[in-house]
Amino acid sequence: MINRAVLCPSPPLLARGLTGRDPAVPGLRAACTAAVAWLLEPKPQRVIVVGPAPATDDWDPTGRLDLSAFAPALGHGRKPGLPLSLGLGAMLLDQVGYAGTRVLQAVGEGEPAGQCAQLGAVLAAAGESAAMLVLGDGSARRSVAAPGHLDERAVPFDDEVVRAVRDGDLPALAAIDPGLARELMVTGRPAWQVLCGALGPGRPVTEVLYADAPFGVAYLVARLDPGRRPQALGLAGPPRFSPGHWTTNGARRTRSW
Amino acid sequence: MDDRAQAAPGRPPGKTQAETQAGTQAGTQAGTQGITQAPLRLGRTEFAPGRLLVMAIVNRTPDSFYRPGLTWDEGAALERVHTVVAEGADIIDIGGVPAKPGTEVPVDEEIQRTVPFVAAVRAAHPDVIISVDTWRKEVGRAVCEAGADLLNDSWSGWDPKLAEVAAEYGAGLVCSHAGGQAPRTRPFRVSYTDVMADILDRTLELTAHALQAGVDPSRILIDPAHDFGKNTWHSLEVSRRLGEMTATGWPVLISVSNKDFVGETLGAGIEDRLAGTLAVTSVAAWLGARVFRAHNIVQTRQALDMVAAIKGDLQPARTVRGLA
Chain A
164 MINRAVLCPS
174 PPLLARGLTG
184 RDPAVPGLRA
194 ACTAAVAWLL
204 EPKPQRVIVV
214 GPAPATDDWD
224 PTGRLDLSAF
234 APALGHGRKP
244 GLPLSLGLGA
254 MLLDQVGYAG
264 TRVLQAVGEG
274 EPAGQCAQLG
284 AVLAAAGESA
294 AMLVLGDGSA
304 RRSVAAPGHL
314 DERAVPFDDE
324 VVRAVRDGDL
334 PALAAIDPGL
344 ARELMVTGRP
354 AWQVLCGALG
364 PGRPVTEVLY
374 ADAPFGVAYL
384 VARLDPGRRP
394 QALGLAGPPR
404 FSPGHWTTNG
414 ARRTRSW
Chain B
12 MDDRAQAAPG
22 RPPGKTQAET
32 QAGTQAGTQA
42 GTQGITQAPL
52 RLGRTEFAPG
62 RLLVMAIVNR
72 TPDSFYRPGL
82 TWDEGAALER
92 VHTVVAEGAD
102 IIDIGGVPAK
112 PGTEVPVDEE
122 IQRTVPFVAA
132 VRAAHPDVII
142 SVDTWRKEVG
152 RAVCEAGADL
162 LNDSWSGWDP
172 KLAEVAAEYG
182 AGLVCSHAGG
192 QAPRTRPFRV
202 SYTDVMADIL
212 DRTLELTAHA
222 LQAGVDPSRI
232 LIDPAHDFGK
242 NTWHSLEVSR
252 RLGEMTATGW
262 PVLISVSNKD
272 FVGETLGAGI
282 EDRLAGTLAV
292 TSVAAWLGAR
302 VFRAHNIVQT
312 RQALDMVAAI
322 KGDLQPARTV
332 RGLA
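These protein sequence lines are chains A and B, in that order. Heads up: the first sequence at position 88 corresponds to 251 in the working numbering, and the numbers run straight through without jumps. Heads up: the second sequence at position 101 corresponds to 112 in the working numbering, and the numbers run straight through without jumps.
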């Protein structure tokens, strides 16, 4: 079961080494660090990092972000790097000195909402006392200067995401339309929906630590405390994401539960 | 003293002859790759090899070639120092005698132009590196007394005793090449079998002499001295082959700012040589030069920072493009 969860954004510039001499986003980094520190306060037995990637996959928990993919001058990583979102999650855990068990779970960018929720339920049910670190961003089309230029629907979309997180309104997140999210260049959607599945019914107590878009991409840092709540969402029929039954090749798999 | 005792004549500290030769070959072909540069000490500061230094020209002359008389007035000159320090200059190079021929400036007049000003700059900027462009030992002695850190001997050891002054005061020394010409003379039909070989011979002869005189080896620089005893073809050759100088392991200073070889190459008048100056500056930085004597500080600093970032020696100021 998940006893705490945190949302963090996943822009490469979250890595301090990538912004040059200027920290560029010190407030964002501080919010992420504070959120992750809070996440680890109850000393969870494991931390599940969930982040969007091209395919749903379970990654080597010793993996790290390879900064050289973004800045060749910074040198090559020791092994093939993690997907960006998971790599940043691993980095955030490293920054607060977390040395415990980690699960690095990528969720496919196109994964349907129902599959995401199922994956979340499976992850939550796989052991005791887990914390979940969820990476992903809102729209990258919030302004003419944004990476994806302006889409008028972007700001209202992000506002609704922030409202839902602030209110602990998980059904609203679970209901986000993947097609609209894709059009708005929202990377966080599948990971947020995994979180919904992991937390199940109930209204978590939440706090938004950061919600801003300094470069036209919506960044959100929030903590979610599920508190006492009923048993996690029951699943009808065999889940697609059952332990030891993954959809992609085994090269990246390092453990089967 | 140990460094001094161990360093062979003309060779920078910490390098064996084999290393120096291997470095020369590598440097000829590929700039600074594989060359070990030692730290450079000036004043109380040690500068790492990757650090590119801007030396700002502040002339106490009424008749220098670029914007003559700009800092002839002491107040204007001091104001100029404040400005260039704020703009990122690491070294102030103070000159009391123009390089070109003209009215003779006697020793006492040169001292009068430079010494009080060195003292004023030292008082206003305790940590800035002060260099004085002179070939005369009497002037060298007086400016060192007043707080100068570096003697910029643009006329290539015309007075061999200048090195002894540098040694005596623990000051640095620039060992340059002027093709054997007397101070304040222009090149007249100069020719070389191999200009770079001549430059290496002369500058390394001077570094050997400096070491012998007792100059701190970490405070010695070499300078090909573009335009000095050279026509434009020679200066272009020097610019192209500067890697042969950096391969010696000695820190290389270049002084190219707005000079005639830039003007002749581009067909550009004195006020229209900045782009050419920055191009030479950038190529020299890429080939491993470390100190850049300049009039236009902001632009030179930017060009050098750009090259340093390309080389990987300097982090970019702020990078968010494509990373948000």
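Hints in this document: simulated from the structure, not taken from any laboratory. Some hints could be false.
[What the hints assert, rightly or not] Calculated cross-link-like contacts (lysine to any residue; reagent style SDA-like; alpha-carbon spacing at most 25 Å):
| # | chain 1 | residue 1 | chain 2 | residue 2 |
| --- | --- | --- | --- | --- |
| 1 | B | K322 | A | R184 |
| 2 | B | K322 | A | G183 |
| 3 | A | K206 | A | P275 |
| 4 | B | K322 | A | G180 |
| 5 | B | K322 | A | G238 |
| 6 | B | K148 | B | P127 |
Please read all numbers here as calculations on a predicted model, not as lab measurements.
Results of checking the hints against the structure:
| no. | hint | verdict |
| --- | --- | --- |
| 1 | B/K322 to A/R184 | holds (16 Å) |
| 2 | B/K322 to A/G183 | holds (14 Å) |
| 3 | A/K206 to A/P275 | violated (32 Å) |
| 4 | B/K322 to A/G180 | holds (17 Å) |
| 5 | B/K322 to A/G238 | holds (13 Å) |
| 6 | B/K148 to B/P127 | holds (17 Å) |
The structure is inconsistent with hint 3 alone, although it conforms to all the rest.
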